[in-house]
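Engineer: Each chain, letter by letter, is given below.
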Amino acid sequence: MATTSPGALRRLQDWLPRLVLAPSFALVLVFVYGFIVWTAVLSMSTSRILPVYKWAGFDAYERLFAQPNWWMALKNLAIFGSLYIIVCIALGLFLAILLDQRIRIEGVLRPIYLYPMALSFVVTGTAWKWFLNPGMGFQNTVRGWGWESFTFDWLVRPDMAIYTVAIAGIWQASGFVMAMFLAGLRGIDSEMLKAATVDGASTFTIYRRIVIPLLRPAFLSAVIVLAHMAIKSYDLVIALTGGGPGNATELPSTFMYSYTFTRSQMAVGSASAMIMLMGIAAIMVPYLYSELREEKR
Amino acid sequence: MAFIEIERLERSIGAHNILKGIDVSLDKGGFLVLLGPSGCGKSTLLNAIAGLQPPTAGDIRIDGDSVVGLHPSKRDIAMVFQSYALYPNMTVGQNIGFPLEMAGIPKAQREADIATVARTLQIGHLLDRRPAQLSGGQRQRVAMARALVRKPRLFLFDEPLSNLDAKLRVEVRAEIKRLHQQTGATIIYVTHDQIEAMTLATQIVVMKEGEIQQTGTPAEIYNRPANMFVADFMGSPPMNMLPGQVAEDGAHLIPEAAPDTPLPLPAPLAPGRKVVLGIRPENIGDDPTGAVPLRLDLPVEIVEPTGSDVFLWLRLGSALLTARLPGNAQPPVGAPYPVAFDMTRAVVFDADSRQRIA
Ligand SMILES: Nc1ncnc2c1ncn2[C@@H]1O[C@H](COP(=O)(O)OP(=O)(O)O)[C@@H](O)[C@H]1O
Ligand SMILES: [Mg+2]
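Those protein sequences? They're chains Z and P, same order as listed. Sequential numbering of the first sequence, starting at 1, is according to the numbering used here. Sequential numbering of the second sequence, starting at 298, is according to the numbering used here.
Among the hints, a few may not be true.
[As the list claims (entries may be wrong)] Dumping the calculated DMTMM-like pairs for lysine to aspartate or glutamate here, alpha-carbon to alpha-carbon at most 25 Å:
no., chain 1, residue 1, chain 2, residue 2
1, P, LYS371, P, ASP425
2, P, LYS371, Z, ASP159
3, P, LYS505, P, GLU307
4, P, LYS448, P, ASP373
5, P, LYS571, P, ASP490
6, Z, LYS232, Z, ASP159
7, Z, LYS194, P, GLU398
8, Z, LYS232, P, ASP360
9, Z, LYS194, P, ASP373
10, P, LYS371, Z, ASP189
11, P, LYS448, Z, GLU191
12, Z, LYS194, P, ASP647
[What the hints assert, rightly or not] Not the full set, but computed from the structure, chain Z residues with beta-carbon under 8 Å of chain P:
no., residue
13, LEU12
14, ASP14
15, ASP199
16, GLY200
17, ALA201
18, GLY279
If you are wondering where the hints come from, they were derived from the structure by calculation, not from laboratory data. Keep in mind it's a predicted model, so treat the numbers as computed, not measured. Just so you know, even glycine gets a beta-carbon here, dropped at the ideal spot from N, CA and C.
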């Protein structure tokens, strides 16, 4: 065959993957990195309702941090994020350890715990909105059973509403965290646990001294995944509380959306988006760096 | 009363009987090897002794007291595992000290004990490393150190050498033997390697499918195997097996493979009985002294030099027999070779029950 010499074939083999990947690469380049740059530019401009390319330096950032609403969003993120990460990990680890006791119904339980993760945040938010609504959900049901004075109205209390967001978020993600820990637990050599038992360690000591230290990579992954999900949380809040009552459940993401698209403060909104990006980068970059370094070794 | 006594021990999971009534006894200072093919229940038996998997029936007594129901840590035993089972998040020193720490021994005493055992096993320079930074042989030593440091009344080893390469395996094997001789420890050791069993044991228990086939000293197991399974399992290359019938005179075997070559039996048997004659390769070969009465000229099919020995595959009718010659022998392939059969060392099994009858 004269037309497809081995050289030409090899060149085609070299180029084919690049050719196939090129469109998606171009799309990512424009729609992810292009828009990041565009947002950065807007955050340094005087844009209000529409993009305007007039340089304003860090004016929008100054105005952002002068907003009590933004501070509210940051405070809420701190509460929501820390509860979300800590409780999800604690609960996920607890469930994983329970499931790891080789109980028979594990095949039934595991998908039940994992199922919430398959739901969209909007569904979770809406379901929990109904469930926590004092007039029709949990409170009403308990009162119907005869406990007339029972009150659970966190959803409509400005000081407690952010905790309902945390509850719904934790409900959704802890099964997923459990799966990560369970995979880690299953990877532990059973002879090691036998050795520790013969060495005289109690079950509690085995977990504290050997198993949990070995789950370090799973902890790290869980923190990373949960932290960036917490920062990006948007649909859950919108569906559950709409950011309210008042601005009681405002998060940076809802803040960014309302300032950019409904309050005609595009520069301030973009500035908040840049702050969120920096927050996520502060978590992801060290993680990716350490992962890549691990791989090279 | 023996130091370790195991009586009618059974373990089943569901309808599956893994151990079917095991009886073992071992004196203090003895080295018992549980030998058998993979999946025969050796680890299950060892785990039952350790208390990691409770037996469904039967009794285990150590030093006169039943330990069934006692937590593993209360049995005063130490165990070495096939995967070494070191704790990857601790240093070598912490690994060795872990059982002492769990026993509540003060730090100063622990450090002294760790240093002593590390010197015995020559791993003193590794104490600050982590298991991931060690070679297979070093890990194996650390695992042994972690068992030795406790000075338990019984050591359990579950295939401790099977993850080592051949050369290291021989070295560590010798080291285990030396440790046993020096310390007089009581050891129960699991392996599927018959050479390991022969070299280490004072007593071998051969198992198959959850049942004991034979218990005895290495020499008894090797020379007087209780049945065809044990005979075949011990020795490499394995024992030659010739099925046939006892001749009219009761003193000869008519081999199925070569009916016109009757072979003398080691003991008289009932004429016409169906039996299997077993003879090891080292009992077929050169006979410089001329003391062996039976000599046959058999054609050589294959010659396998191993350096120290030369193994010959000889044709006898439709059967192939393995013979062993000294390493310097140079037998011609294809031509007949004169070999002497030392029939006094041969054994005879019943063809149906497969048990040894002579
Ligand atoms: N947890 C278990 N469930 C069911 N069968 C098992 C279990 N553990 C071991 N077995 C079975 O018990 C038999 C003996 O296993 P084991 O004691 O590990 O054998 P060995 O150590 O001699 O290779 C095997 O046939 C194995 O399939
Ligand atoms: Mg085993």
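Engineer: Within 25 Å, alpha carbon to alpha carbon, are LYS571(P) and ASP490(P)?
Structural biologist: Not satisfied, since the Cα-Cα distance of roughly 31 Å exceeds 25 Å.
Engineer: Is the straight-line distance between the alpha-carbon of LYS371(P) and that of ASP189(Z) 25 Å or less?
Structural biologist: At roughly 23 Å apart (the allowed maximum being 25 Å), ASP189(Z) and LYS371(P) satisfy the hint.
Engineer: For the hint on LEU12(Z), just tell me whether its beta-carbon gets within less than 8 Å of chain P.
Structural biologist: Hint violated; LEU12(Z) Cβ to chain P Cβ min 43 Å, cut 8 Å.
Engineer: Is the hinted pair LYS194(Z) and GLU398(P) satisfied, with a Cα-Cα distance of at most 25 Å?
Structural biologist: holds, 17 Å
Engineer: Does the closest beta carbon of chain P sit nearer than 8 Å to the beta carbon of ASP199(Z)?
Structural biologist: With a minimum Cβ separation of about 4 Å from chain P (threshold 8 Å), the hint on ASP199(Z) holds.
Engineer: Has the given pair, LYS232(Z) with ASP159(Z), been kept, meaning a C-alpha gap of at most 25 Å?
Structural biologist: holds, 22 Å
Engineer: Against the 25 Å threshold, does the CA-CA distance of LYS194(Z) and ASP373(P) hold or violate the hint?
Structural biologist: holds, 15 Å
Engineer: Could you grab the alpha-carbon distance between LYS505(P) and GLU307(P) and see if it respects the 25 Å cut-off?
Structural biologist: holds, 14 Å
Engineer: LYS371(P) and ASP425(P) were given as a pair; does the straight-line alpha-carbon distance stay at or below 25 Å?
Structural biologist: Status violated; Cα separation ~29 Å.
Engineer: Does the structure keep LYS194(Z) and ASP647(P) at a Cα separation of 25 Å or less?
Structural biologist: violated, 43 Å
Engineer: Holds or violated: is the Cβ of ALA201(Z) closer than 8 Å to a Cβ in chain P?
Structural biologist: Since the shortest Cβ distance to chain P is 5 Å, the answer is holds.
Engineer: Next pair to validate is LYS232(Z) with ASP360(P); report whether the Cα-Cα distance is within 25 Å.
Structural biologist: violated, 65 Å
When held up to the earlier numbered hints, the structure conflicts with 1, 2, 5, 8, 12, 13, 14, 18 and fits the remainder.
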